[in-house]
Amino acid sequence: MRFTLCIAEKIAKVDFSAIKALVTTRRSRQREIAELDAQGEYDSTTRIFYDYGYSMYVLGENTVENAKQLGALDARELYPDFKPSTLEEFAVQFYKEVPPIEYDM
Numbered sequence: 457m458r459f460t461l462c463i464a465e466k467i468a469k470v471d472f473s474a475i476k477a478l479v480t481t482r483r484s485r486q487r488e489i490a491e492l493d494a495q496g497e498y499d500s501t502t503r504i505f506y507d508y509g510y511s512m513y514v515l516g517e518n519t520v521e522n523a524k525q526l527g528a529l530d531a532r533e534l535y536p537d538f539k540p541s542t543l544e545e546f547a548v549q550f551y552k553e554v555p556p557i558e559y560d561m
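Count the sequence shown with our numbering and you get residues 457 to 561, in order.
For the record, the hints were derived by calculation from the structure and aren't laboratory data.
There could be a bad hint or two in this list.
Claimed, not checked - BS3-like mimics (lysine-lysine), calculated; alpha carbons at most 30 Å apart, straight line:
1) K524 to K539
2) K476 to K524
3) K466 to K524
Unchecked claim - Across the chosen pairs, the derived CB separations fall in these ranges:
4) S473 to E521: 14 to 22 Å
5) T501 to K539: 35 to 43 Å
6) S541 to T481: 34 to 42 Å
7) T481 to D530: 34 to 42 Å
8) R485 to I557: 42 to 50 Å
9) I557 to R482: 44 to 52 Å
10) E553 to A477: 46 to 54 Å
11) D471 to F550: 26 to 34 Å
12) M512 to E545: 20 to 28 Å
13) D560 to L515: 21 to 29 Å
14) T501 to D530: 37 to 45 Å
Source: prediction; values computed, not measured.
Idealized CB from N, CA, C, for every residue including glycine.
Required output: the full structure, derived from the provided sequences and hints.
Laid out in C-alpha cells, this is it:
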C-alpha cells in the first residue's frame, strides 16, 4: 500500500498523507480487534459498539460532508423537488394521528 501511494503521489502530484494516516489508523485498529478476538474478549455486541464509535469519532462519518466523500447519496441533491419532512413535522403528524388504545374487559 505504501508503494502504491508513493507512485500515485508522483503521478498525480497530490499529497496523500491524510490517506496514509487513515490507512495506518485503520490497520492498527484492525490489529487491536484481531488480538482481542483471538483472546475471546471481543464479542459481537462489543464489536458493534466499538465500530460505531470508531465510525463517528475517529473517521467522522456522521457528517454529511464526510458521508458524501465516502460515496453516500443525498436525496436533496438527487431529487431537488422532493422536500423531506423534518423531525418536528414528522412528530407533529405522528402524534396527531395516534389511535386511542382500546382495552378488552
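*asked:* Flag every earlier hint the structure violates by its number, smallest first.
replied: 7, 11, 13, 14
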